[in-house]
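Participant: Chains as they are written, first to last, in the numbering used here: chain A, 1 to 259; chain B, 1 to 243.
Worth double-checking, as some hints may not be accurate.
Claimed, not checked - Lysine to aspartate or glutamate pairs mimicking DMTMM-like chemistry, simulated, CA-CA at most 25 Å apart:
| no. | chain 1 | residue 1 | chain 2 | residue 2 |
| --- | --- | --- | --- | --- |
| 1 | B | LYS75 | A | GLU173 |
| 2 | B | LYS71 | A | GLU204 |
| 3 | B | LYS75 | A | ASP13 |
Claimed, not checked - A short, non-exhaustive set of chain B residues, derived as facing chain A with CB atoms under 8 Å:
| no. | residue |
| --- | --- |
| 4 | ALA102 |
| 5 | PHE103 |
| 6 | LEU108 |
FYI, nobody ran anything at the bench for these hints, they're computed from the structure.
No residue lacks a Cβ here, since even glycine has one placed at the ideal position from N, Cα and C.
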Amino acid sequence: MSAGHHQLYRAGDTPVHRLPPQCKLAAVAVFALVVVATPREWFAAFGAYALLLAGVAVTARVPAGSVLRRMVIEIPFVLFALAIPFIGTGERVQVAGLSLSLPGLWAAWNILAKATLGVVASILLAATTEPRMLLLGARRLRLPPMLVQIAMFMLRYMDVILEEMRRMRVARESRGFTARDARHIPVVARSAGALFIRSYERGERVHLAMLSRGYTGSMPVIQDLTPSAGQWLLAGTLPGAALALLLGTWGLRAMWGMS
Amino acid sequence: MTASLEVDRLAYAYPDGTQALFGVDLRIERGERVALLGPNGAGKTTLVMHLNGILTAGHGTVTVAGLPVSKDSLKEIRRRVGLVFQDPDDQLFMPTVRDDVAFGPANLGLRGEELQQRVKDALTRVGMLEAIDRPPHHLSFGQRRRVAVATVLAMEPEILVLDEPSSNLDPASRRELAEILRSLDVTVLMVTHDLPYALELCERSLILSGGVIAADGPTRTILSDAALLAGHRLELPYGFTVP
Chain A
1 MSAGHHQLYR AGDTPVHRLP PQCKLAAVAV FALVVVATPR EWFAAFGAYA
51 LLLAGVAVTA RVPAGSVLRR MVIEIPFVLF ALAIPFIGTG ERVQVAGLSL
101 SLPGLWAAWN ILAKATLGVV ASILLAATTE PRMLLLGARR LRLPPMLVQI
151 AMFMLRYMDV ILEEMRRMRV ARESRGFTAR DARHIPVVAR SAGALFIRSY
201 ERGERVHLAM LSRGYTGSMP VIQDLTPSAG QWLLAGTLPG AALALLLGTW
251 GLRAMWGMS
Chain B
1 MTASLEVDRL AYAYPDGTQA LFGVDLRIER GERVALLGPN GAGKTTLVMH
51 LNGILTAGHG TVTVAGLPVS KDSLKEIRRR VGLVFQDPDD QLFMPTVRDD
101 VAFGPANLGL RGEELQQRVK DALTRVGMLE AIDRPPHHLS FGQRRRVAVA
151 TVLAMEPEIL VLDEPSSNLD PASRRELAEI LRSLDVTVLM VTHDLPYALE
201 LCERSLILSG GVIAADGPTR TILSDAALLA GHRLELPYGF TVP
């Protein structure tokens, strides 16, 4: 049995790990909003945001290498961003013999800087919060309970269903079948259908088991996660500092008459 | 004294018209351990589903410690009847063992320290306390079945109903589960076709066959009656004789 999809979490006992999940979720969401609201020309502000995140990573003892490895998820966005200066229109500039669009360069920088900060913040959240705690936090933040329950069951049954899938593959291969080209798609598709039916039936049995233990449509509160004011304050450090930076920069620029 | 479980002329037909139960009568006293034996398709699972009101009787009644199963009594009935399903992966649906064992009592309204204590007690009774913070899918099959028993023990049931408790267990897990079940001070109805397991754990056995109770008596007597067993598609394993 694998635990492959839980790899984002790094167990630890730091102040960041100990914060209730809903505080961390809210902090990351507000931080992302502040980052997105920052005008793209304010390079120093983005640098300061990055330093704030580095501070969180150090406090949470999440090594830079592990953050970098997980950032591969951003690659599709990076590729998209890199393409914009080439396909963009408007004023052109010459960089190392290439003709690039100036608005395109700005757009690429905007996407890269903001996406990277958002991704790093999410990676730190996932590295310091168990998946199930994230879901408890989401529930406490009043996300739609049905969605949270679905995500919870996905987390629990992922391994069970993958194992079932593996057994079906072994059964196919034991009878001399290996999927090699497009002609084999119907066979694999039928297996997928069978897997769906099996999972659906398991869902029904799980529902019976839940009813048998008094389920009435909503998950009972098992762990009380009410955060203290201090914990909210601590979690607020990151978005609070970012917001102060944003407003401060804005104020200074207004004073000096810059746009 | 009120019986733990009383089933009176229970009949049931599935919505498609298939009649599964044709008038089942049985009575289990408090503290008894009873085996419900029967071949596949005898209606065992259908009967079990009636005991906590998942299916509602077409005719007849089910009474648990004096309380009849009805729409209004479902919540209390489901506390009183602890159903342990055959596949522990169906029963253990929460992310950790702790959350899973807490699910039932939390639905009953327990919170905080009282709830945590209930969880620890139930896990201690099945010898699984050290697994409290592990995810169920990291446990062995035998351990998962023991946790499944704990999930219903945490609701302090009047009667524990186990569906094929020995299925898929290796010999050591099978014996460990038997020791745990013997140590519990609770009424047990065990649905099985593992006849030696019934003999080991239950003084009394019922045979459900063709939707009615075909035999009711001491397990030893029933298992010694080769003709009776053969008449209901039940057989002792090769080389096994009732000692």
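Participant: Hint by hint, say whether it matches the structure.
Facilitator: Taking the hints in turn, this is what the structure says about them:
no. : hint                : verdict
1   : B:LYS75 to A:GLU173 : 48 Å, violated
2   : B:LYS71 to A:GLU204 : 20 Å, holds
3   : B:LYS75 to A:ASP13  : 40 Å, violated
4   : ALA102              : 4 Å, holds
5   : PHE103              : 6 Å, holds
6   : LEU108              : 6 Å, holds
The structure shown violates the earlier hints numbered 1 and 3.
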